[in-house]
Amino acid sequence: MANEKVDILLLGSGGREHALLVKLAESPRAGRLYVAPGNGGMNGLAEAVSLDENSPTEVAAWARDHGIGLVVIGPEAPLVAGVADAVRSAGIPCFGPNGNAAQMEGSKKFAKQVMSRAGVPTAAYRSFTDEEPCLEYVERVGAPIVIKADGLAAGKGVIVAKTTEQALEGVRECFSGAFGEAGATVVVEEMLDGPECSLLALTDGKTVVPLATAQDHKRALDGDLGPNTGGMGVYSPVPEHLVSADELAAMVDIEERVVAELAREGITYSGCLYGGFMLTADGPKVLEFNARFGDPETQVVLPRMRADLVEVFLACDAGTLSADMVSWGDDWAVDVVLTSAGYPGSYEKGKVITGIERAEQLPDVTVYHAGTAINERGELVTAGGRVLGVTAVAPTFEEARRRAYEACDLIEFEGKTLRTDIGMRALRG
29 MANEKVDILL
39 LGSGGREHAL
49 LVKLAESPRA
59 GRLYVAPGNG
69 GMNGLAEAVS
79 LDENSPTEVA
89 AWARDHGIGL
99 VVIGPEAPLV
109 AGVADAVRSA
119 GIPCFGPNGN
129 AAQMEGSKKF
139 AKQVMSRAGV
149 PTAAYRSFTD
159 EEPCLEYVER
169 VGAPIVIKAD
179 GLAAGKGVIV
189 AKTTEQALEG
199 VRECFSGAFG
209 EAGATVVVEE
219 MLDGPECSLL
229 ALTDGKTVVP
239 LATAQDHKRA
249 LDGDLGPNTG
259 GMGVYSPVPE
269 HLVSADELAA
279 MVDIEERVVA
289 ELAREGITYS
299 GCLYGGFMLT
309 ADGPKVLEFN
319 ARFGDPETQV
329 VLPRMRADLV
339 EVFLACDAGT
349 LSADMVSWGD
359 DWAVDVVLTS
369 AGYPGSYEKG
379 KVITGIERAE
389 QLPDVTVYHA
399 GTAINERGEL
409 VTAGGRVLGV
419 TAVAPTFEEA
429 RRRAYEACDL
439 IEFEGKTLRT
449 DIGMRALRG
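Numbered according to our numbering, the sequence shown spans residues 29 to 457.
One thing to keep in mind: the hints can contain errors.
[What the hints assert, rightly or not] Between beta-carbon pairs, the in silico distance windows are: (1) E268 to D310: 17 to 25 Å; (2) P161 to Q389: 55 to 63 Å; (3) G357 to D158: 51 to 59 Å; (4) G251 to G311: 23 to 31 Å; (5) M452 to G357: 19 to 27 Å; (6) N82 to K234: 27 to 35 Å; (7) G222 to G378: 40 to 48 Å; (8) K377 to N82: 20 to 28 Å; (9) G378 to D80: 22 to 30 Å; (10) G311 to D352: 22 to 30 Å; (11) V380 to G251: 29 to 37 Å; (12) E86 to S350: 28 to 36 Å.
Everything labelled a hint here was simulated from the structure, so no lab data went into it. We put the beta carbon where it would ideally sit given N, CA and C, even for glycine.
Please take these sequences and the hints and turn them into a complete structure.
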């Protein structure tokens, strides 16, 4: 039945998954909601389930036994492990690409080869499975250069080297086993120059529906200084003085070509394709592809999206996606990430968090939980490096930004850290 309710199992525990859960819960078709494993904020909206999110057989069996009508896979590890394949084999609709398609994120070498065959502009690269030839190559071409562990390294495993010594150190780190199996193959890329932009798109393997643009802030400190992180804040949409209509059209065309190339190779890519682009002087070039929604991009894109997410996800699975299922308002969204002191290095956990209720009393403010948990005393505490994502939506960019920071001021935990300049580049004409 086209409008009957479906029970949903969502896999994951981060801010991205909390944002997905909030949007799914808004759908008139959402039945019972389950999360595995969830976090301290998601468990109010959904029932937490104890199962191994990376086990294809366990997830498929649980979903079948509980009459689940849609499984939504948030993180990359279950996708690369083939959880979507097992769920679909059990006859259950699933949002997220099968294991072969998820190699677009699971193997940087695989993604580069697909891009090459699709004629997609990306950084020149070489891949290596032995340390010595890799070191010799890096020594020969010199810095600046980018060293990447081929496989999933939980957002790490990418070394942007300004000096040859840094690059050689990065190669040694990859081959030392620091990133486990992910570093068994190493990809060495030319350094691209320009601002970065993320473009997420939904696809059923044929139709590609681009979502709104977003710009993440990767560096830990104000002024884009400090080490790379999973993302310190983000805003959407990206104004035209930063991403022109032509650049946007080129990014959409690239994602369409990749989906079409995979289809030609017998791979149906169904789910979210997330392109990380560098806007170079020669036009957008792909930095990398991810096989799922971005984090924290999801926390600003979904609140602006006018769509029934359950309908959209079912259409992606069924091969019936159409562009008119998704539309956008004129509003702006800004998300500021609150982190534990020391992140992205070592940090303490278990710090009591207060003030979220007050923050969410501000108009159109949502606090998405990432690294949170409930302790034995029933208190909400920190449980990760990126703790919360504070999103505000407003008619103007300035108002959204002001309100997001106002909400951040109301939230307290020991060691709370944040960047104070999220979105400032959007204000510069």
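Q: Return the numbers of the hints above that this structure violates; sort them in rising order.
A: none
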